[in-house]
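Trainee: Residues per chain, in single letters:
2 protein chains.
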Amino acid sequence: MIPRKVAVIGAGDIGVGWAALCASAGWPVAIFDLKPGTMERASIEVERRTRALVALDRAPESIVERGLTELVHAQFLSEAVSDADWIIEAIHEDVAAKQKLLVGIEQQAGDDALISDALISSSSSGLPPTEIFGRMRRLDRCLVTHPLNPPELIPLVEVVPTERTSAASMNRAVEYLRSLGRFPIVLKKSIPGYVVGRVSAAVWRECIDLVLRGVISVDELDRAVSLGPAIGWAAAGPHLTYHLAAGEGGIRSFTQHLLASFESWWQQLAHWAQLDPEQQRALTQSIERAYKGKVEFLREARDRRLSAILRALEQARAPSESESG
Amino acid sequence: MIPRKVAVIGAGDIGVGWAALCASAGWPVAIFDLKPGTMERASIEVERRTRALVALDRAPESIVERGLTELVHAQFLSEAVSDADWIIEAIHEDVAAKQKLLVGIEQQAGDDALISDALISSSSSGLPPTEIFGRMRRLDRCLVTHPLNPPELIPLVEVVPTERTSAASMNRAVEYLRSLGRFPIVLKKSIPGYVVGRVSAAVWRECIDLVLRGVISVDELDRAVSLGPAIGWAAAGPHLTYHLAAGEGGIRSFTQHLLASFESWWQQLAHWAQLDPEQQRALTQSIERAYKGKVEFLREARDRRLSAILRALEQARAPSESESG
Numbered sequence: 001m002i003p004r005k006v007a008v009i010g011a012g013d014i015g016v017g018w019a020a021l022c023a024s025a026g027w028p029v030a031i032f033d034l035k036p037g038t039m040e041r042a043s044i045e046v047e048r049r050t051r052a053l054v055a056l057d058r059a060p061e062s063i064v065e066r067g068l069t070e071l072v073h074a075q076f077l078s079e080a081v082s083d084a085d086w087i088i089e090a091i092h093e094d095v096a097a098k099q100k101l102l103v104g105i106e107q108q109a110g111d112d113a114l115i116s117d118a119l120i121s122s123s124s125s126g127l128p129p130t131e132i133f134g135r136m137r138r139l140d141r142c143l144v145t146h147p148l149n150p151p152e153l154i155p156l157v158e159v160v161p162t163e164r165t166s167a168a169s170m171n172r173a174v175e176y177l178r179s180l181g182r183f184p185i186v187l188k189k190s191i192p193g194y195v196v197g198r199v200s201a202a203v204w205r206e207c208i209d210l211v212l213r214g215v216i217s218v219d220e221l222d223r224a225v226s227l228g229p230a231i232g233w234a235a236a237g238p239h240l241t242y243h244l245a246a247g248e249g250g251i252r253s254f255t256q257h258l259l260a261s262f263e264s265w266w267q268q269l270a271h272w273a274q275l276d277p278e279q280q281r282a283l284t285q286s287i288e289r290a291y292k293g294k295v296e297f298l299r300e301a302r303d304r305r306l307s308a309i310l311r312a313l314e315q316a317r318a319p320s321e322s323e324s325g
Numbered sequence: 001m002i003p004r005k006v007a008v009i010g011a012g013d014i015g016v017g018w019a020a021l022c023a024s025a026g027w028p029v030a031i032f033d034l035k036p037g038t039m040e041r042a043s044i045e046v047e048r049r050t051r052a053l054v055a056l057d058r059a060p061e062s063i064v065e066r067g068l069t070e071l072v073h074a075q076f077l078s079e080a081v082s083d084a085d086w087i088i089e090a091i092h093e094d095v096a097a098k099q100k101l102l103v104g105i106e107q108q109a110g111d112d113a114l115i116s117d118a119l120i121s122s123s124s125s126g127l128p129p130t131e132i133f134g135r136m137r138r139l140d141r142c143l144v145t146h147p148l149n150p151p152e153l154i155p156l157v158e159v160v161p162t163e164r165t166s167a168a169s170m171n172r173a174v175e176y177l178r179s180l181g182r183f184p185i186v187l188k189k190s191i192p193g194y195v196v197g198r199v200s201a202a203v204w205r206e207c208i209d210l211v212l213r214g215v216i217s218v219d220e221l222d223r224a225v226s227l228g229p230a231i232g233w234a235a236a237g238p239h240l241t242y243h244l245a246a247g248e249g250g251i252r253s254f255t256q257h258l259l260a261s262f263e264s265w266w267q268q269l270a271h272w273a274q275l276d277p278e279q280q281r282a283l284t285q286s287i288e289r290a291y292k293g294k295v296e297f298l299r300e301a302r303d304r305r306l307s308a309i310l311r312a313l314e315q316a317r318a319p320s321e322s323e324s325g
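Those protein sequences? They're chains W and U, same order as listed. Those letters in the first sequence? Residues 1 to 325, by the working numbering. Those letters in the second sequence? Residues 1 to 325, by the working numbering.
Please note: incorrect hints may appear among the correct ones.
Since the list can't tell identical chains apart, any single copy or any two copies may satisfy a pair.
Stated by the list, open to error - The calculated DMTMM-like cross-link candidates involving lysine to aspartate or glutamate, where the alpha carbons are at most 25 angstroms apart (straight line), are:
{"#": "1", "residue 1": "Lys188", "residue 2": "Glu288"}
{"#": "2", "residue 1": "Lys294", "residue 2": "Glu314"}
{"#": "3", "residue 1": "Lys189", "residue 2": "Asp219"}
{"#": "4", "residue 1": "Lys188", "residue 2": "Asp219"}
{"#": "5", "residue 1": "Lys294", "residue 2": "Glu248"}
{"#": "6", "residue 1": "Lys189", "residue 2": "Asp276"}
{"#": "7", "residue 1": "Lys189", "residue 2": "Glu93"}
{"#": "8", "residue 1": "Lys189", "residue 2": "Glu263"}
{"#": "9", "residue 1": "Lys189", "residue 2": "Glu278"}
{"#": "10", "residue 1": "Lys188", "residue 2": "Asp276"}
{"#": "11", "residue 1": "Lys292", "residue 2": "Glu314"}
{"#": "12", "residue 1": "Lys294", "residue 2": "Glu220"}
{"#": "13", "residue 1": "Lys188", "residue 2": "Glu263"}
{"#": "14", "residue 1": "Lys35", "residue 2": "Glu47"}
{"#": "15", "residue 1": "Lys189", "residue 2": "Asp209"}
{"#": "16", "residue 1": "Lys189", "residue 2": "Asp140"}
Calculated directly from the structure, the hints in this document are not laboratory data.
Start from the sequences, fold in the hints, and give me the full structure.
Mentor: So, in structure tokens, the structure goes:
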């Protein structure tokens, strides 16, 4: 199942990524942002990131070019959503701004019968769906589809329904995402930060703490996580990692031998909930110093590694694993 | 710099992994365990895991076979450490047992001048090095080299000195590890759990919590982490991920827009330090149910994915990145 047209509202990094992903599948996309400056950058960036997917071997050139031919940089919200049957909200993480925009989108539906059945999804990374869509009249076609950064490369998309999202809308979102080569997971219930935000926040807090305590530098920490636990988790998630880490006995044997270590660490992990201004300054400066003047180079290298990993995982996937691996 | 002979003391999963890794480099290895049952399994497992590295394209067959020819399943501690210039302690995570074993190893040095200059490293995943080696006379040649599971595949090794480890011993450990294709990182100071244990504990606690709260099932959680944040972190560590996630503004712009979200999540993350028996039972059962009856299949699939990711990262590494990426 593929949509007639996708409207992406919000042309920051996530919106541009959604647009690049949909265009790379040859789908007609309109992108719109309220800020003209953002739109200017977006017109260049969507094309660049869509074409980069060809260079990274993630999309065939002919389909990408078809998608780019149909790409519309809309001047008005009404132009963007007109005729779209999937509308993706991708503005900044501010619940009031999202609510206001979404009410505006729903009002278009009154004027334009064509979008009355459009699926409307928010890219929020952790706000309660019931709040995000709280001012809309119809919730049955609304849900969260949270991608990671960059959305055109990382497969996971968290799908989080409101209390009144219809099963048909859920299925439709999952099918759209699968058609885009994404891996949607549907949360059984909404929780602030969903799954990815919470796990990432847990990781980042400890990583910040280790740097601020002087245990390790920013770039050594990054390499340690990359070449250590992250490679492990990319090959097998955390629970499976430990189930496989203790020989025949599995998780039972693992907890017998190592739960005590984990409990002693849990006792001592960073548990602060805020960075004070001094810590924030120290962190920002350390990260900027570690990666100064090479952001573009590092981004390209990151994307090259990401696409290489994706290709490797696709190749390593045995047919029999599709259900169980 | 490569050692004349490596002695691995402890033939559980980590010891077997060290032995397989060293044998796959063609190095002479002796492995020893106090429990005869463990040694029996180890004799089969070291060969299997060393040869698996050929099948996984991680080591050339001729070198692996040379290493396996020289592999010794020692019957006594003295036989294992005799003539070794790198002794790797890899028994279970119990500080008193490690201390006792290490004193025994040091006593061999009195009888056998050949090992008096051996480097002695512990595979502890988080105990203070100064405690582990606390009962030894000479600390200058002692340090922690903590690998991940499986040690023959995951490149990262944490190197943690005692307060009296010599710079020469540190350099020697780093060189040995690099000769084995490992990526050693040296911690600036010791902290319980080191870097990997703490970051892993932070991840696992939240992952356990999400399953126990019914937000997501064990296998969906594992896939979500694998195909989402873990792929991202494998391509760029946590700090770099966020530095690259907000366009031109880098980490400064990221914190401006998203620190508030992180702070709200930090406030709410799991902060328990113990699993009560009921929770432990629920977790164990959920993990066993999710992966029942296919541990061997899943381990092979995991190792296939791991080696594919490693190869992908090696291929994606541009020459100019060796210093900065």
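Trainee: Hint by hint, say whether it matches the structure.
Mentor: Results for each hint:
1. In the homo-oligomer, the alpha carbons of Lys188 and Glu288 lie at most 25 angstroms apart only across protomers (20 angstroms), although the nearest pairing inside one protomer, at 39 angstroms, exceeds that limit.
2. In this assembly of identical chains, Lys294 and Glu314 lie within 25 angstroms of each other by CA distance solely across copies; the values are 21 angstroms between and 30 angstroms within a copy.
3. For the identical chains of this complex, Lys189 and Asp219 are inter-copy neighbours only, at 16 angstroms across copies versus 36 angstroms inside a copy, given an alpha-carbon limit of 25 angstroms.
4. Taking CA atoms no more than 25 angstroms apart as the test, Lys188 paired with Asp219 passes between copies only; the shortest distance there is 13 angstroms, against 36 angstroms inside one copy.
5. When the C-alpha separation of Lys294 and Glu248 is checked against a cutoff of 25 angstroms, the pair qualifies only between copies, where the shortest distance is 11 angstroms, while the shortest distance within a copy is 46 angstroms.
6. Taking the shortest alpha-carbon separations for Lys189 and Asp276, only the inter-copy value of 24 angstroms comes in at or below 25 angstroms, while the best intra-copy value is 32 angstroms.
7. When the C-alpha separation of Lys189 and Glu93 is checked against a cutoff of 25 angstroms, the pair qualifies only within one copy, where the shortest distance is 20 angstroms, while the shortest distance between copies is 38 angstroms.
8. In this homomeric assembly, Lys189 and Glu263 come within 25 angstroms of each other (Cα to Cα) only across copies, at 21 angstroms, whereas the closest approach inside a single copy is 27 angstroms.
9. Taking the shortest Cα distances, Lys189 and Glu278 sit within 25 angstroms of each other only across copies (22 angstroms), while inside one copy they are farther apart (37 angstroms).
10. With identical chains, the CA atoms of Lys188 and Asp276 are at most 25 angstroms apart between copies only, with a shortest distance of 24 angstroms across copies and 35 angstroms within one.
11. Taking identical chains as interchangeable, the C-alpha atoms of Lys292 and Glu314 lie at most 25 angstroms apart only when they sit on different chains, with a minimum of 24 angstroms there against 34 angstroms within one chain.
12. Taking the closest pair of Cα atoms, Lys294 and Glu220 come within 25 angstroms of each other only inside a single copy of the chain (17 angstroms); across copies the shortest separation is 36 angstroms, beyond that limit.
13. When the C-alpha separation of Lys188 and Glu263 is checked against a cutoff of 25 angstroms, the pair qualifies only between copies, where the shortest distance is 24 angstroms, while the shortest distance within a copy is 28 angstroms.
14. Taking identical chains as interchangeable, the C-alpha atoms of Lys35 and Glu47 lie at most 25 angstroms apart only when both belong to the same chain, with a minimum of 19 angstroms there against 63 angstroms between chains.
15. Proximity of Lys189 to Asp209 under the C-alpha cut-off of 25 angstroms is restricted to the inter-copy arrangement: shortest distance 13 angstroms between copies versus 30 angstroms within a copy.
16. For the identical chains of this complex, Lys189 and Asp140 are intra-copy neighbours only, at 16 angstroms inside a copy versus 54 angstroms across copies, given an alpha-carbon limit of 25 angstroms.
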